[in-house]
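Assemble the complex: chain A is given as a structure, and chain B must be docked to it using the hints.
Respectively, the protein sequence lines represent chains A and B. 11 is the number of the first residue of the first sequence in this note's numbering; add one for each residue after it. 11 is the number of the first residue of the second sequence in this note's numbering; add one for each residue after it.
Hints listed in this document are in silico derivations from the structure and should not be mistaken for laboratory results. Mixed in with the good hints there might be a few duds.
Simulated coverage check for chain B against chain A, where a stretch passes if three residues somewhere in it have a Cβ under 8 Å from a Cβ of chain A [as the list claims (entries may be wrong)]: (1) 253 to 265; (2) 312 to 323.
Chain A is faced by these chain B residues, among others (derived, beta-carbon under 10 Å) [unchecked claim]: (3) Leu119; (4) Thr144; (5) Gly146; (6) Ala147; (7) Glu329.
We put the CB at the ideal spot given by N, CA and C, even for glycine.
2 protein chains.
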Amino acid sequence: MQHHEVDTDRLTAGEVLAGYLHSRAGDFLRGLRLYGESGSDTAAAEAAARSLRGAARRIGGGLHTFRPLLDPVWADQLRTELGWLSGTLAQEQACTARLHRLVGALARLSGPPPGPVPARAEAGSGAQPPGTLTVGASRAGALLERQLTLARTRAHSAALQALGSSRFHAVADAVAVLASEVPLAPVAAAPAIEVLAGPGDSTERQLLDAVAGLPLARAAHPYNAEALVHGLATASDGEAQDAPWHQVRQLLRLHRYAQEVWCAGGAPDPVLMAAGQALDRHRDAAEAAAAAANAARTPRIAPTTAYALGVLHADQRHEVEAARFAFQQVWQRAAATAP
Amino acid sequence: MQHHEVDTDRLTAGEVLAGYLHSRAGDFLRGLRLYGESGSDTAAAEAAARSLRGAARRIGGGLHTFRPLLDPVWADQLRTELGWLSGTLAQEQACTARLHRLVGALARLSGPPPGPVPARAEAGSGAQPPGTLTVGASRAGALLERQLTLARTRAHSAALQALGSSRFHAVADAVAVLASEVPLAPVAAAPAIEVLAGPGDSTERQLLDAVAGLPLARAAHPYNAEALVHGLATASDGEAQDAPWHQVRQLLRLHRYAQEVWCAGGAPDPVLMAAGQALDRHRDAAEAAAAAANAARTPRIAPTTAYALGVLHADQRHEVEAARFAFQQVWQRAAATAP
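Excised from the complex, chain A in its bound form:
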């Protein structure tokens, strides 16, 4: 993509916003066509679904942030539908990623493959082949693989069903219209420089308020053991402490998308990118930890399996804590060097 500052001095707010939404609608329709053409090519289908989802999220973000410049009823309705669509399409990929994360963690927790075997021990038959999991770890891995593969299959069916539904066709039609025409509010006729900044600033303020509400002082102290504080409590307690971080993750993304409207195709702000990546990792680790805890509730599992799942759960909760630490580091460094 080519980087070009939008000429906010001469264009109206409606022209700038419509230009952005037109481009993203084009991305959406292109992603949809590529998805349809991908056939049995899983990698191509995944890439197409990813670009479709990215476009849907950006359009939804634009409709949310710049709602005052748009027909609000239309914007709210389309945003809801785009949220449903990108949420539905995200599930399959999320199951795959979660399984990779958990299986990778189990391999890591079972230790690195042993180094070269000393000559003296070569004759011994007790040495395990490199990377062999212990009984508990391999049973836990097999259980998670069964459960997450099943979930992925269900998510795949749900995605296919969604893409064949009349609800989806209505969304696709609405986006196709958006590619040529955006229902604007009267205020959008004002110059961009006068009315486009307000909604973007409001999103940024929400983000800064939400970040100010995070326990960053605690997160700055490594090994604070906060993320595991509910490690053996009920699941809902654990989720409660994650919620403000998930909220910041979403506001950060909205803010980043709002910036794209001003500077289409420009390099994204590295601080927002790094902070967003830390919070993506936070979300992924939290969900992986929940999947491990959930698998441990499977009836009739062996104690060794349950033990491995307990270790895995705690490991992923520490990843959650590590992600909070990483976010805090990025954010504080940015605040310290801010002009």
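Coordinates of chain B only, in the frame set by chain A:
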């Protein structure tokens, strides 16, 4: 205790060393008398055993570090016996501390007690009383309590048996002799300033070499997940990565005791104290993690118990990692500010 620099200019090495050993032998005999008088007063017995052990470790450390100034056969023999004695006496206290650490961790992992119950929820009967453990956590706690209480009882019997043995009486006799007379090597007749520094420097060099061999660069990076890398591997792998840290812990103590010979009753070096405390925590957490893993190998435990023990094991291994981080911070800060 009063702080006084030892006058190494005028005294012989033998006089300085004998003075130190005399004092520690006095501490040992006083601890022994207090232990005998403590009767059923558990706190007094524990305090007496602690001071007895501290004196035994210091005498043993002196015999080790300053061996070149002593009759080596006598020094080696007494040191072995003191090691046996302090090791035997340490077990009971270690079991108590380990149980407290693990039960405390289980309570922490079950979340803080809920805050004031909102008025609306007061009528509900579903709310748990503050600090209630989940089923898995309380079963795991009960299992650990049974196992560690049994271990403590055994350690107590072993300590009583040791204190009644002829082997112990031989040690006590040797220490009583030490309170008045130390079998010195001929070189100890030289001025302290000439020959006392060498052995102490050698201990310090061993310490610095051992610290240089630690993976401090890795430990400096928070959340490196190193301590749990063998979390699901065999127990011996986990112990292998801890061994160099345990080794530094012992050398640090030897170095601290060697410094006491020079500066009896002086305030201990705060860096050595803080570094030693970090490594004590490292050792305690490593042993607690091992106790949790060990409890999980109990036959016929429920999966929820095993799960809680897995979370607990991982939590304590993270404490191990946190202690390495703390040690690294103390050590690096000291190196940065060293003259």
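So, going through the hints one by one against the coordinates:
no.: 1; hint: 253 to 265; in the structure: violated (count 0)
no.: 2; hint: 312 to 323; in the structure: holds (count 12)
no.: 3; hint: Leu119; in the structure: holds, 4 Å
no.: 4; hint: Thr144; in the structure: holds, 5 Å
no.: 5; hint: Gly146; in the structure: holds, 6 Å
no.: 6; hint: Ala147; in the structure: holds, 4 Å
no.: 7; hint: Glu329; in the structure: holds, 8 Å
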